[in-house]
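Let the hints inform the model, and build the full structure from the sequences given.
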Amino acid sequence: IMTKKMTPTARYHRYLERVADGRIPTGAAVKASVDRTLAFLKDPEIYLDTKALDAFGAFSEAFIIADGHDTQGQNVRLMPWQVWVLGSIIALKWKADDAPVLKESYCEVARGAGKSCMAAVLALWWAVEEPGITVNVLAGKLDQAAIIVGSVKSLLGSTDAHNLEYTETKYEVKLGNSTIVALAAKV
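For the sequence shown, this note's numbering assigns the number 2 to the initial residue and increments by one for each residue that follows.
Fair warning: there could be bad hints in the mix.
Using C-beta positions, here's what the derived DEER-type ranges look like [claimed, not checked]: (1) Pro101 with Thr8: 18 to 26 Å; (2) Ala162 with Lys32: 31 to 39 Å; (3) His163 with Thr135: 13 to 21 Å; (4) Leu103 with Pro132: 15 to 23 Å; (5) Val31 with Thr8: 32 to 40 Å; (6) Asp98 with Ala56: 35 to 43 Å.
For the record, the hints were derived by calculation from the structure and aren't laboratory data.
Computed from a predicted model, the values in this text were never measured in an experiment.
Every residue gets a Cβ at the ideal spot worked out from N, C-alpha and C, and that includes glycine.
Shown next, in the form of structure tokens:
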């Protein structure tokens, strides 16, 4: 049976629906966060920017995983929870001014579950979509933050689909007039 590939927007809504009705089992914190997202979507002052969400999906899927992960060599395909988390960050907006609803986000995820790739794709999206931005990648130690910057470099080197020119050092990537930089959160 052939199935049509779902858009990121459709995947976003399907994840919310399946967590809400219990088809995707989650802990209480994820369930509460999904309920909060559903409340945002019902708020008449908030909208989901489906154009941005779908564009982000296409942007991310043009990259190839090249960092030694077990999916190395495959195009990035965000997992349903990643589509929801990143979609909420990127595409939940206030109708009055198109500003993001979420000003800060915290995501606690188990080891090996796709955090580095997810953070790298988000950093690249912001660097491209918000020219002149500095994306600070924070971790307890500088070398930990450098892992994400390394993932950014791996993604950039994986494809020329986006035709992005960049320069790099161990702790920084300059992409046009945007910068992605690793920083230690602790001094």
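Going down the list of hints, with the structure as the test:
1. Between Pro101 and Thr8 the beta carbon distance is about 20 Å. The supplied range of 18 to 26 Å therefore holds.
2. Between Ala162 and Lys32 the C-beta distance comes to about 37 Å, which sits within the given range of 31 to 39 Å.
3. Range check, His163 to Thr135: Cβ separation about 20 Å, and the 13 to 21 Å hint holds.
4. Range check, Leu103 to Pro132: Cβ separation about 21 Å, and the 15 to 23 Å hint holds.
5. For Val31 and Thr8, the hinted distance range of 32 to 40 Å is not satisfied, since their beta carbons lie about 23 Å from each other.
6. In this structure the supplied range 35 to 43 Å is violated for Asp98 paired with Ala56, their Cβ-Cβ distance being about 20 Å.
In summary, the numbered hints that this structure violates are 5 and 6.
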